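J.: Fit chain B to the given chain A structure using the hints.
Respectively, the protein sequence lines represent chains A and B. Read in order, the letters of the first sequence correspond to residues 6 to 116 in the working numbering. Read in order, the letters of the second sequence correspond to residues -16 to 98 in the working numbering.
If you're looking for bench data, these hints aren't it; they were derived computationally from the structure. Remember, it's a predicted structure, so these values are computed and weren't measured experimentally.
In silico EDC-like links for lysine to aspartate or glutamate, alpha-carbon gap of 20 Å or less:
hint : chain 1 : residue 1 : chain 2 : residue 2
1    : B       : K54       : B       : E11
2    : B       : K(-3)     : B       : E61
3    : A       : K108      : A       : D43
4    : B       : K40       : B       : E61
5    : A       : K41       : A       : D76
6    : A       : K56       : B       : E85
7    : B       : K40       : B       : E27
8    : B       : K40       : B       : D69
9    : B       : K40       : A       : D98
10   : A       : K75       : B       : E83
11   : B       : K(-6)     : A       : E46
12   : A       : K41       : B       : E27
13   : B       : K54       : B       : D7
14   : A       : K108      : B       : E27
15   : A       : K56       : B       : E83
16   : B       : K40       : B       : E51
17   : A       : K108      : A       : D98
18   : A       : K41       : A       : E20
19   : B       : K54       : B       : E35
20   : B       : K(-3)     : B       : D46
21   : B       : K(-6)     : B       : D69
22   : A       : K41       : B       : E85
23   : A       : K75       : B       : E85
24   : A       : K41       : A       : D23
FRET-style restraints, in silico, Cβ to Cβ:
hint : chain 1 : residue 1 : chain 2 : residue 2 : range
25   : B       : R(-2)     : A       : G64       : 43 to 53 Å
26   : A       : I18       : B       : T59       : 35 to 45 Å
27   : B       : T59       : A       : Q19       : 41 to 51 Å
Short, incomplete list of chain A residues facing chain B, as computed with Cβ under 7 Å:
hint : residue
28   : E46
29   : G47
30   : A53
31   : F106
32   : G109
Positions of the beta carbon are idealized from the N, C-alpha and C atoms, including for glycine.
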Amino acid sequence: GQQLNQSPQSMFIQEGEDVSMNCTSSSIFNTWLWYKQDPGEGPVLLIALYKAGELTSNGRLTAQFGITRKDSFLNISASIPSDVGIYFCAGLDSGNTPLVFGKGTRLSVIA
Amino acid sequence: DTGVSQNPRHKITKRGQNVTFRCDPISEHNRLYWYRQTLGQGPEFLTYFQNEAQLEKSRLLSDRFSAERPKGSFSTLEIQRTEQGDSAMYLCASSLVRGEQETQYFGPGTRLLVL
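In isolation and in its complexed conformation, chain A is listed as follows:
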């Protein structure tokens, strides 16, 4: 079945630093979604990507849909303490199949 490899598994960074995380897939996706999840809560959508090569920003967050359609990355610039959480990538290969999630990147920000 489809698998998403998300890396790194965890990151400890200083406040103000930039962060980069990525996902790679064994198959082609038509949609990449990035979510953030806080403890005890559901995932919150950060950025949605629909086209290969697409680069989309949401405030300090920037995500790109890889041109091979098998990868995506998320960058966070100038990290702040509230960026702490688990970031998940998720891919969709057509409108009729379920989202496949990575295992998440746990981000810790040291003030």
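T.: What follows is chain B alone, placed relative to chain A:
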């Protein structure tokens, strides 16, 4: 609040009991999904509905699990004869499919603990 809502937020039950969770999707969304998430993992797909029709079920969805969306609006997920391995966060998501674009929005989840 016009987001996805789930009730209850937490449920503690004894092994062997039945439990039922409810999900209210975003009102204009035609698709509704159920996922299960265990510690340290991403959400895993269980089943989904297009309007009131249940279109796909994962192999994770054993015979003890049943989901309904009778009027194409809210959905319920029932687990019969709960087992300790059913302890997890159960997430609901809804989406509005436009052509090939689909974005799923999640509810806050129901955390189940089976003792």
